[in-house]
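If you want the building blocks of each chain, they are given just below.
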Amino acid sequence: MSELPELIERCKAGDDYAFREVFRRHRSDVLRLVQRMTGRAADLEDTVQEVFLQVFRSIKDFRGQSRFSTWLYRVTVNVVLMQRRAARSRPIFNETADETLASDHRELPDDQVARGRRVAAFYRLLDRLSDKKRAVFVLHELEGLSPSEIAKVVGAPVLTVRTRLFYARRELLALLAEEPALHLVVRELTNADSVPSPVPEREST
Amino acid sequence: MSRGLSPEELALHRVLRDVREEPVIEPDWSELEARLMSAPRPRARAAASGFFGRFALPSAALLVGAGAALFALFPRHAPVAPITKAIATVAVGPLDGDHLNVGAHVSAGKQSVSVEHKGRARWTLDPGASASISDVGEFLTVHLESGAISASVVPNPKSETFAIEVEGTRVAVHGTAFRVEKTGDHVLVEVTEGTVAVEPASTHTDPSFLLRRGSRGSFGFDGRSGTVEGNASVVDRQKSPQSHRQIAAAPAHPEAKLPSPPATPSAIVDANPSPSAAAPAPALPVQPSIADIEAGVSAAVEVVNGCFRKAASASDIRVTASTGVSLTVAGDGSVQSVTFGPPLAPSVEDCAVAGLRHITFAPSVEGATFTRILELKR
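Protein sequences appear in the order of chains A and B. Take the first sequence: its position 145, counting from 1, is numbered 145 in this note's numbering, and each next residue is one higher. Take the second sequence: its position 242, counting from 1, is numbered 1242 in this note's numbering, and each next residue is one higher.
Keep in mind that a hint or two might mislead.
Unchecked claim - Just so you have them, the derived chain B footprint on chain A, three or more residues with Cβ under 8 Å:
1. 9 to 17
2. 30 to 39
3. 44 to 58
4. 169 to 175
5. 180 to 186
As the list claims (entries may be wrong) - No more than 25 Å apart at the CA atoms, straight line, and that leaves these computed lysine-lysine pairs for DSS-like:
6. A:Lys60 / A:Lys152
7. A:Lys60 / B:Lys1110
8. A:Lys132 / A:Lys152
9. A:Lys60 / A:Lys12
10. B:Lys1110 / A:Lys12
11. A:Lys152 / A:Lys12
What the hints assert, rightly or not - Sample of chain A residues with no beta-carbon within 10 Å of chain B, all distances over it, derived:
12. Pro5
13. Gly64
14. Arg67
15. Gln83
16. Asp127
17. Arg128
18. Asp131
19. Val158
20. Thr163
21. Thr190
Honestly, the hints are just simulated from the structure, not real lab data. Glycine residues also receive a C-beta, built at the ideal position from the N, C-alpha and C atoms.
Next up, chain A with everything else stripped away, as it sits in the complex:
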């Protein structure tokens, strides 16, 4: 198995095999990050493709000053943010996330359905954060990157990253009550009677 630095050099030389190998080694990481950044399944393939096209176009600029994975995260985050900006300028159609969820989960056990609802609700909340806060939150809480690594990915000082993380977490905590699936978790974790539901009409279900 070729070592990564050698593969990268071969990519810079235009070696198709090396391109393919880089794609195969890192595609799952990119896919996972894209999914977590966007929370959607619809455009995943197009976004992943765009990420690797961008990687192939700009790999000649990779100097090896940071880890390749850090550089790849940076490209991925940039592509996702660019696509989100582009999407904002287009008409928005209401997504049918709940309907899709319901139909997809019809045959699943109850706990899996509940988990799917919690995950979908979380992504809705995440979508309400600013791009910058969402990026650092996902990279830290879901991808496990340290603030200093995130700083290299997003090109901001470590202190800024820590600040964004703090506010992202605070906003999410404040928003939890607005999603019934997540509020239910809060209730389970405390005394169910002491936390009134913000959506009483759904209590009957």
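Add chain B to chain A, keeping to what the hints say.
Below, chain B alone, put in the same frame as chain A:
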């Protein structure tokens, strides 16, 4: 709350754990890769500078052309395809493999050269490597003469539909992507996707080694000796964790045809009961032909797959499994035994054994033993 965390913070932790554990829906990587690799990409920065850089592509084309010309002068098998047309494509894309006949010789100069067999496989010679086509039929085979070759193969329900031979060693595809390099007196094999079998070139479906994704190995030219690293295994029925099942003797069917794969393995019925008085059998081949083996194997694979899927009715959880299935077929075509390595659930194996009892291969003098790697999903 524990450790001073508020209920909201605990709830956030829980949902974050849910999100981390959420499986990622894998797209069709093969299709995405094909799209990506067909997109225009920047070429070598240094390729256009310097004498060799400027003449790299023409030299690759010249080598291909020289090989084609030599072959045209000394044809051994079928006539060479219109190579001149292919040469024109070297600089801009892969050669059309469907225009290369048996014996066609391809050499890469300073640049790699790709050959595409539409819908089947795409292989790429590293710079300086050379290879020739040795079979273009059902089992596409490329003979690597020197250097290294990487291949990406379109998944096919049949196994070993693409192979690379180096001297006496055959590297056959069970999966999708791998790389083979000839170095001195060894063959180096790296598997980046799926599974490949390494075996003597003189045999088919009798692997000595099975290499799975991420593994590699170094092998002698006999296809039998070698060492492996990573997720690879030596086909050794005595040592591998496996489950060996003897199949109760089925009535011999010297003339029986292979039954169609059953739709529901649990309800397999031998549709062709044995005639009590069989007519004298014609002269039998020593071993079943490759086509006969493949036909029988397809039916057997269908049985195992059906049993695996059937076991899904009790659970809605998506499960995938990979196992090597070795079948021993007697001379009369009946399946004598089956080995699962690693073992499957007992209920799946029981179901498979019951189904395999009703599968009949073409009769032969010696019978045969062969192994397939199955990727089972439900």
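To see whether the hints hold, each was checked on the structure:
1. 9 to 17: This one holds; 6 residues, not fewer than the three required, reach chain B with a Cβ under 8 Å.
2. 30 to 39: Coverage by chain B holds for the region 30 to 39 of chain A (4 residues, Cβ < 8 Å).
3. 44 to 58: Check passed, 8 qualifying residues.
4. 169 to 175: With 3 residues in contact (Cβ-Cβ under 8 Å with chain B), the coverage given for the region 169 to 175 of chain A holds.
5. 180 to 186: As far as the region 180 to 186 of chain A goes, the hint holds, because 3 residues have Cβ atoms under 8 Å from chain B.
6. A:Lys60 / A:Lys152: It holds: about 18 Å lies between the C-alpha atoms, which stays within 25 Å.
7. A:Lys60 / B:Lys1110: This hinted pair holds, its Cα atoms lying about 20 Å apart.
8. A:Lys132 / A:Lys152: 14 Å, holds
9. A:Lys60 / A:Lys12: With Cα atoms ~5 Å apart, lysine 60 of chain A and lysine 12 of chain A stay inside 25 Å; holds.
10. B:Lys1110 / A:Lys12: Between lysine 1110 of chain B and lysine 12 of chain A the Cα gap is close to 15 Å, so the pair holds against 25 Å.
11. A:Lys152 / A:Lys12: 22 Å, holds
12. Pro5: About 17 Å separates proline 5 of chain A from the closest Cβ of chain B, which puts it past 10 Å; holds.
13. Gly64: Since the minimum Cβ distance to chain B is about 16 Å, glycine 64 of chain A lies beyond 10 Å and the statement holds.
14. Arg67: For arginine 67 of chain A, whose nearest Cβ neighbour in chain B is about 20 Å away, the distance exceeds 10 Å, so it holds.
15. Gln83: 16 Å, holds
16. Asp127: Holds, since 13 Å exceeds 10 Å.
17. Arg128: Holds, because the least Cβ-Cβ distance between arginine 128 of chain A and chain B comes to about 14 Å, which exceeds 10 Å.
18. Asp131: 18 Å, holds
19. Val158: Holds, since 22 Å exceeds 10 Å.
20. Thr163: 18 Å, holds
21. Thr190: At roughly 4 Å from the nearest Cβ of chain B, threonine 190 of chain A sits no farther out than 10 Å, so the non-interface label is violated.
In this structure, the one hint that does not hold is number 21.
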